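Engineer: Single-letter residue listing:
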Amino acid sequence: MTEPTTPLDVRASVVVDPMAVAVPLDLAAAEGMELEARSQWSYARRRFLRHRLAMIGLVGLIIIFGAGALANFVAPYSFDQIDLTYVLHAPTTVGHHVFGTDEIGRDSLSRIIYGIRTSEQVGLTVAVVSTLFGLIVGAIAGYYRGWLDNVIMRITDLILTLPLLVVLLTVAALLGRSSSVWTIVLIIAAFYWTGIARIVRGVFLSLREKEYVEAAKAVGAGDLRIMFRHILPNTLGPIVVTATLAVADAIILEAFLSFLGFGIADPTPSLGKLVSEGQQFPQKWWITVIPGLVLVLIVICVNFVGDGLRDALDPQQRRVRA
Amino acid sequence: MAAEALLSIRDLAVEFRTEDGIVHAVDGISYDVFPGETLGIVGESGSGKSVSTMALLGLIPQPPGRIASGTAMFQGKDLLKLSPKELREFRGDEVAMVFQDPMTSLNPVLKVGYQIAETIKTHYPKEPDDKVTSRVVDLLRLVGVPNPGERSKQYPHEFSGGMRQRAMIAMAIANSPSLLIADEPTTALDVTIQAQVLEVLKTVQEETHAATILITHDLGIVAELCDRVLVMYAGRIVEAGDVLTIFRAPRHPYTVGLLDSLPKLTEDEEWLRPIPGSPPSLINRPSGCAFHPRCFLTQGRPRCREDVPELRDAEGAGHLAACHFSEELAGHQSKFSEPVEAGSGA
Chain S
126 MTEPTTPLDV
136 RASVVVDPMA
146 VAVPLDLAAA
156 EGMELEARSQ
166 WSYARRRFLR
176 HRLAMIGLVG
186 LIIIFGAGAL
196 ANFVAPYSFD
206 QIDLTYVLHA
216 PTTVGHHVFG
226 TDEIGRDSLS
236 RIIYGIRTSE
246 QVGLTVAVVS
256 TLFGLIVGAI
266 AGYYRGWLDN
276 VIMRITDLIL
286 TLPLLVVLLT
296 VAALLGRSSS
306 VWTIVLIIAA
316 FYWTGIARIV
326 RGVFLSLREK
336 EYVEAAKAVG
346 AGDLRIMFRH
356 ILPNTLGPIV
366 VTATLAVADA
376 IILEAFLSFL
386 GFGIADPTPS
396 LGKLVSEGQQ
406 FPQKWWITVI
416 PGLVLVLIVI
426 CVNFVGDGLR
436 DALDPQQRRV
446 RA
Chain P
69 MAAEALLSIR
79 DLAVEFRTED
89 GIVHAVDGIS
99 YDVFPGETLG
109 IVGESGSGKS
119 VSTMALLGLI
129 PQPPGRIASG
139 TAMFQGKDLL
149 KLSPKELREF
159 RGDEVAMVFQ
169 DPMTSLNPVL
179 KVGYQIAETI
189 KTHYPKEPDD
199 KVTSRVVDLL
209 RLVGVPNPGE
219 RSKQYPHEFS
229 GGMRQRAMIA
239 MAIANSPSLL
249 IADEPTTALD
259 VTIQAQVLEV
269 LKTVQEETHA
279 ATILITHDLG
289 IVAELCDRVL
299 VMYAGRIVEA
309 GDVLTIFRAP
319 RHPYTVGLLD
329 SLPKLTEDEE
339 WLRPIPGSPP
349 SLINRPSGCA
359 FHPRCFLTQG
369 RPRCREDVPE
379 LRDAEGAGHL
389 AACHFSEELA
399 GHQSKFSEPV
409 EAGSGA
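For the protein sequence lines, the chains are S and P, in the order given. Quick note, my numbering runs 125 ahead of the 1-based positions in the first sequence. Quick note, my numbering runs 68 ahead of the 1-based positions in the second sequence.
Simulated from the structure, these hints should not be mistaken for lab results. There may be inaccurate statements among the hints.
What the hints assert, rightly or not - No farther apart than 30 Å at their CA atoms in a straight line, the calculated lysine-lysine pairs in the DSS-like style are these:
{"#": "1", "chain 1": "S", "residue 1": "Lys335", "chain 2": "P", "residue 2": "Lys189"}
{"#": "2", "chain 1": "P", "residue 1": "Lys149", "chain 2": "S", "residue 2": "Lys335"}
{"#": "3", "chain 1": "P", "residue 1": "Lys332", "chain 2": "P", "residue 2": "Lys221"}
{"#": "4", "chain 1": "P", "residue 1": "Lys179", "chain 2": "P", "residue 2": "Lys149"}
{"#": "5", "chain 1": "P", "residue 1": "Lys221", "chain 2": "P", "residue 2": "Lys145"}
{"#": "6", "chain 1": "P", "residue 1": "Lys179", "chain 2": "P", "residue 2": "Lys145"}
{"#": "7", "chain 1": "P", "residue 1": "Lys199", "chain 2": "P", "residue 2": "Lys189"}
{"#": "8", "chain 1": "P", "residue 1": "Lys145", "chain 2": "P", "residue 2": "Lys270"}
{"#": "9", "chain 1": "P", "residue 1": "Lys153", "chain 2": "S", "residue 2": "Lys335"}
{"#": "10", "chain 1": "P", "residue 1": "Lys221", "chain 2": "P", "residue 2": "Lys189"}
{"#": "11", "chain 1": "S", "residue 1": "Lys335", "chain 2": "P", "residue 2": "Lys332"}
{"#": "12", "chain 1": "P", "residue 1": "Lys332", "chain 2": "P", "residue 2": "Lys149"}
{"#": "13", "chain 1": "S", "residue 1": "Lys335", "chain 2": "P", "residue 2": "Lys179"}
{"#": "14", "chain 1": "P", "residue 1": "Lys189", "chain 2": "P", "residue 2": "Lys179"}
{"#": "15", "chain 1": "P", "residue 1": "Lys270", "chain 2": "P", "residue 2": "Lys179"}
{"#": "16", "chain 1": "P", "residue 1": "Lys221", "chain 2": "P", "residue 2": "Lys149"}
{"#": "17", "chain 1": "P", "residue 1": "Lys221", "chain 2": "S", "residue 2": "Lys335"}
{"#": "18", "chain 1": "P", "residue 1": "Lys194", "chain 2": "P", "residue 2": "Lys221"}
From a predicted model like this one, the values you see are computed outputs, not experimental measurements.
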């Protein structure tokens, strides 16, 4: 090998070179194979991660909900800590009251962060509770059809025909003004599950006629297994999307109830309550505007994420966003 | 064949209520399936061949379907009278089914191996997981899926049509059924893949000794795989017997017509001879013999219009035909009468 260059050596190096090139080519081929082996979920994940608005929404939600969840650590003050030297003070850097204070000198920023926590609890639990309930009810109705379906769906229709806000107000008023977070969750979820039940029923109605359901029957699978093992995973797309949007809806409904004074009892702050507190002081804009903006921001972010999920989980849509 | 029948169906009738009237999809058929044999059921679309076997597994949607009469004795029990729970124990265990379209019969969101394992777990929940997993791999290997270990962890969309049908067959034989029902297992596949899947069915049968009911409208497949064959027309059995006998010397004019309409590869035929007319409506079936409006043998004789012909002995052992005038076909030889292999290339 130490010999001076000969034509033979040159040729040898020429032979070696394509080999060196061939290695990355092989790697590329191997990657190509892996691409083929993606499951539908990984396609969906990829589409979701490339959905720009959804990612913006997701980051926004992580920041806002993260602050809410870690309120104890993030908030500069406790939600009920009174600082009488700063009553109705405009946003200031002095004493860290960056979003100002309310009429008894509580720090707005801290109240907003704790308010986010309340909204977050309401939104997420309503979404989980109503989705689970709607899912089970819708699955039973769509799978068994017949009289069971009729009874369930007429009840659902009945609930859907009631003017939601009026009924919510009445029920909340009947239950008294000192509602806990969980009472509010139950009240909202009790009405919200119907929409999800309808969607799930529709999907089950069409999927129960699929050949793979018949094949599962022919294999001896029972009804429960067919419903929850075979059909349910095929319905997750629309369900995940509705559940996400349910978070935003529940947060708005809670804010609405709280705004009108039928929401969560004092002193727990909630975004709707914070907005309503500012009504008495029209000149002190920060008390109303800032929690209102936070509320809007949460809902926008949730909807962005929901849209992204809808696009990502739609099996018809094979397009991957750049 | 003198052995006791594994499945014996008597006078099975299935109806569907529709807006236009009652459809008599299957109208009083009787037949036996013997252990280890392959029974072909042929007939055109709507002749009731699928419905008659779906009824056995309780897969007829009710309503609108209804099993109007009949018994189906299998291992001392009448499958048609079982409760849904008892029936479920039979399905996928003692009686298994291979469906027509492998593209839609596998659940797209579950791994193939999981779906096969599920068949085992449904019936033998106490079986340890590692044993089930290795059984799944063995089954996939048996049906000729390459790399069965890796393939079992893949989703159906990563399988080609032929591979999916192999997986369906693996699923069907997972619990070593004694009766396997294959409902047009190759209809949705292209011809080269058909041949492979048929090969798999053959192997599987040799391995498991399961009696097989093969439903098809492809006479070539019947000639290839079956021991005996039933020919169905408009919900009734019109001819039954040993494959060779029926291919060589059919004794029902419908079967004669079917065989005549097939091309024979060894001959230079310019035209095929189709059966004139079209299949009857199952709501307003022709009176008497349902085939008489299209039959070349009836020649206007009133008996064909008036009496429903019974299945009765024709020439040859176990050869039955439902035609009033099947004797007139005595001596008739189909164009496949000499080496039957020539007709199997369909």
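Engineer: Confirm or reject each hint.
Structural biologist: Hints, one by one, checked against the model:
With a C-alpha separation of about 22 Å, the suggested pair lysine 335/S and lysine 189/P falls inside the 30 Å cut-off, and the hint holds. For the given pair, lysine 149/P sits about 26 Å from lysine 335/S by alpha-carbon distance, which is consistent with the 30 Å threshold. Among the hinted pairs, lysine 332/P with lysine 221/P is inconsistent with the structure: their alpha-carbon atoms are about 44 Å apart, more than 30 Å. Among the hinted pairs, lysine 179/P with lysine 149/P is inconsistent with the structure: their alpha-carbon atoms are about 34 Å apart, more than 30 Å.
For the hint linking lysine 221/P to lysine 145/P, the alpha-carbon distance of about 38 Å lies beyond 30 Å, and the restraint is violated. Restraint check for lysine 179/P and lysine 145/P: the C-alpha separation of about 35 Å exceeds 30 Å, so the hint is violated. For the hint linking lysine 199/P to lysine 189/P, the alpha-carbon distance of about 11 Å falls within 30 Å, and the restraint holds. The hinted pair formed by lysine 145/P and lysine 270/P meets the criterion: a straight-line CA distance of about 28 Å does not exceed 30 Å.
With a CA separation close to 22 Å, the supplied pair lysine 153/P and lysine 335/S stays within the 30 Å bound. Proposed proximity of lysine 221/P and lysine 189/P is supported: the alpha carbons are some 17 Å apart, at most 30 Å. Simply put, lysine 335/S and lysine 332/P have alpha-carbon atoms about 39 Å apart, too far for the 30 Å limit, and the pair is violated. For the proposed pair lysine 332/P and lysine 149/P, the alpha carbon gap of about 45 Å is over 30 Å, so the pair is violated.
Between lysine 335/S and lysine 179/P the alpha-carbon distance is near 17 Å, which keeps this suggested pair within the 30 Å criterion. Distance hint between lysine 189/P and lysine 179/P is fulfilled; the C-alpha atoms sit about 15 Å from each other, no more than 30 Å. The suggested pairing of lysine 270/P with lysine 179/P holds, with an alpha-carbon distance near 26 Å, which does not exceed 30 Å. With a C-alpha separation of about 39 Å, the suggested pairing of lysine 221/P with lysine 149/P is violated against the 30 Å cut-off.
Our distance criterion of 30 Å between C-alpha atoms is met by lysine 221/P and lysine 335/S, whose separation comes to about 23 Å. With a C-alpha separation of about 22 Å, the suggested pair lysine 194/P and lysine 221/P falls inside the 30 Å cut-off, and the hint holds.
In terms of the numbered hints stated before, the structure departs from hints 3, 4, 5, 6, 11, 12, 16, listed from lowest to highest.
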